[in-house]
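**Q** Sequence:
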Amino acid sequence: MRKLQLLLIAIVLMVSMQVNANEKPINREFNLNNPDVRKCLIEASKSEGWKLEAYYIDANNKLVMVFGKDGETKVYATR
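Those letters in the sequence shown? Residues -21 to -1, 1 to 58, by mature numbering (1 follows the signal peptide of the UniProt record, and there is no 0).
Just so you know, these hints were derived from the structure itself, not from any lab.
The structure displayed is predicted, hence computed values, not measured ones.
Be careful, since some hints might not be right.
Stated by the list, open to error - Taking lysine-lysine pairs in the DSS-like style, the calculated list, with each CA pair at most 30 angstroms apart, reads:
no., residue 1, residue 2
1, Lys48, Lys30
2, Lys41, Lys18
3, Lys53, Lys30
Turn these sequences into a full structure, and let the hints guide you.
**A** Here it is as structure tokens:
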């Protein structure tokens, strides 16, 4: 019975950790393939205090930009 309780606790912990890992919403309203859109997004974010933390192409060949400010993050990706 004790092993069954430990197994159940381990499964609950694994499920809760997976839920927390995918909580960041991704904004897909912008066409980041357009250099003018990227420039405007960077300038507007900078004026509001956001800093470009990462800029990469994901596994689906989508451009992704990650901005950070005071421990918060915003993620933008191409449509």
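**Q** All hints are to be evaluated individually against the structure, with a verdict given for each.
**A** Taking the hints in turn, this is what the structure says about them:
Between Lys48 and Lys30 the CA atoms are separated by roughly 6 angstroms; this keeps the pair inside 30 angstroms, and the hint holds. Under the criterion of a C-alpha separation no larger than 30 angstroms, the hint pairing Lys41 with Lys18 is consistent with the structure, at around 17 angstroms. A threshold of 30 angstroms between alpha carbons decides the hint, and for Lys53 with Lys30 the separation of about 10 angstroms falls inside it, so the pair holds.
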